[in-house]
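Counting from 10, one number per residue, gives the positions in the sequence shown under the working numbering.
No lab work stands behind these hints: they were computed from the structure.
Warning: the hint list may mix true and false statements.
Using C-beta positions, here's what the derived DEER-type ranges look like [said to hold, decoys possible]:
1) Leu204 x Gly56: 44 to 52 Å
2) Glu40 x Ser90: 20 to 28 Å
3) Tyr185 x Leu139: 19 to 27 Å
4) Pro189 x Val160: 45 to 53 Å
5) Ala166 x Gly45: 40 to 48 Å
6) Glu100 x Glu53: 41 to 49 Å
7) Val49 x Thr163: 46 to 54 Å
We put the beta carbon where it would ideally sit given N, CA and C, even for glycine.
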Amino acid sequence: MAAPTPRRTQGERRASSHALILDAAVRSLVEDGYSGATTVTIQERAGVSRGRLLHHFPSRTALLVAAAQHLAVERITDMESWPHATASGAERIDRAVELLWETFRQPYFWAAMELWTAARTDETLRAELLPEERRLGLAIQHVVAALFGPVHSTHPAFDDVRELMFTSMRGVALTYAIDPRDPTTDPHLDLWKRLARQMLTDGLT
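Could you build the full structure based on these sequences and the hints that come with them?
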């Protein structure tokens, strides 16, 4: 006779519902867009009651901002677990650039872009999103520094390289919305590697 399945505590049920709602919101942002990511749609995707959704997130804006940040935190956790190259030269730089470019091909990126676009004309959304994005940005900076390693992340040009990579990759990634192609063969990837190598090895012996 099989042992009875242990009953989950109320806290475990709340945590499970919270995660289900956030995952459903992320999927809706990516697949339905900002306008289509309604609380009704998210509730149906998550398979929870209206009351349960409102208990966790009293407003649509709070839910969608939390959803994007939820996926971003998961992505940072993934980045932190990636095996980094042990070399400190061009091999380390190239691999770091490749891994950074991967982050702009993930669901979080498109969820974030949906919110950023909506926030341009929605002051309430912008007010909630901006401080969260700033906190997230600081966390990402630490992860990116670890990707490049201590030799390169302490180079005087590192901050400039990081910002150049972020802004350029974000711009290129947006073109994939209307022109999908193989990101691993994007010509910008070699360009980013060459620029990073040039800027981060200058002055090193």
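So, going through the hints one by one against the coordinates:
For the pair leucine 204 and glycine 56, the beta carbons lie near 47 Å from each other, so the given range of 44 to 52 Å is met. In this structure the hint that glutamate 40 and serine 90 lie 20 to 28 Å apart at CB holds, the actual value being about 27 Å. The beta-carbon spacing between tyrosine 185 and leucine 139, approximately 25 Å, falls within the hinted interval of 19 to 27 Å. Checking the proposed 45 to 53 Å range against proline 189 and valine 160 shows it is violated: the Cβ atoms sit about 36 Å from each other.
Checked against the given bound of 40 to 48 Å, the beta carbons of alanine 166 and glycine 45, roughly 42 Å apart, stay inside it. Our hint of 41 to 49 Å for glutamate 100 and glutamate 53 holds, since their Cβ atoms are close to 48 Å apart. Valine 49 and threonine 163 have their C-beta atoms about 50 Å apart, which keeps the hinted 46 to 54 Å range intact.
Checked against the numbered hints given earlier, this structure breaks only hint 4.
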